[in-house]
Structure formats: structure tokens, C-alpha cells
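K.L.:
Let the hints inform the model, and build the full structure from the sequences given.
Counting in numbering that gives the first Met the number 0, the final residue of the sequence shown is number 183, and the numbers go up one at a time with none missing.
Derived from the structure by calculation, the hints contain no laboratory data.
Here are the computed distance ranges between Cβ atoms for each label pair:
1) R99 with C141: 17 to 25 Å
2) E179 with D31: 30 to 38 Å
3) D126 with R152: 37 to 45 Å
4) L79 with V27: 22 to 30 Å
5) R83 with V153: 18 to 26 Å
6) F34 with I181: 30 to 38 Å
7) S125 with A171: 28 to 36 Å
8) F1 with G100: 35 to 43 Å
The beta-carbon is built from N, C-alpha and C at its ideal position, and this holds for glycine as well.
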Amino acid sequence: MFDISVIAFGLGLDAFSLAVAFGMCHNVCTLDMRFRLAFSFGFFQFFMPLAGFFTGMQIAALVEAFDHWLVLAVLGSVGLKMVRDALSKENGIPPVDFSRGLPLLFASVATSIDALAVGFSLALISDRIILPAFIIGVVACCMTLVGVEVGNRVGRRFVSRPELVGGLAIVAIGVKIFLEGIIG
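P.N.:
Below, the structure is given as C-alpha cells:
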């Protein structure tokens, strides 16, 4: 149980980081926005270990070959759009709301690809996946809620252009995951 909790926390860090950036970029983070983001991130963090567990190791090699490129493309494009929008703020363009639609789907997948690999790993050492996947999903959901709150409260107080910082943070997360995929 301790090992799964540590894994869940580690997997939840990407969701937390993206949630902080999201919270920084929105003057108002409604309960609906928070719930959509937390539910989606938590659901994908729950679902991806299941998919990894049941799909098997043959698919793992295929996904591992390009997962870091996918994450970089998705988070890079979302982050760069946020940076562009922040720099053209005088045009009245609202920040990217990745709590709905395709941006939500892409962000959810991007933050949970590591959980797919965890599912593959768990298939090698255990015959149980439901409880670990549930714990991973709940932890990611909670970390997302906390991340949005932290970003919304702290970001607006200490950062003069939170949309710009949030966009750069999302790009940095994408680059970090990409570099981990290249190196590791």
C-alpha cells in the first residue's frame, strides 16, 4: 500500500503542476471548472494503469517509443497558445480553458501516459490492478483540486502575468517529460 501511495503521488505531480498553471491563468476558477479538471485527470490516472495492465507488454514497446513526443506536442501546443494569448492580452482574448472539450482530453491523456507504463509494470509483479488504479486516480483527483487552488490563490498574488507564467510552466512540464523519455 505504501509503494502504491508513493507511485500515486509521483504520477499525480504532473496533474498537480498543470492544475497550478490552470489556476494561475483564470481569475475565477468555478466549481464546475475545478470538478471537470479533477474528475478528468483522476479518471485518466485511474484508467491508464488499467489499460496498461490489460493490454500487455507488446503495446508497451510501441507506446514507449513515442509517448514523450506526444506529451511534448500536446503540452507544448497548449502552453505556447497560453503564452501567445498572454502576450496579446490587450486584445481581450481569454486564457485557454483546458477544463472542457479537446483541450481537457489532451491534457488528461498527456498527464496520464506515465500511468499507462505503471500499469504495464504492475502486470509483471502483481495480479491485482483495481485497488492500485483506484488509489492512483483518487490521488490525482485530489492533487488536481489542490493544484488549482494553489495556482489560483498564489499565482494572482505573486505573479504579475500569471497566464504567461502558466503557459511557460506547461511548456516546461512537456519538455521535462520529453527529456525523461529521451534519457530514461
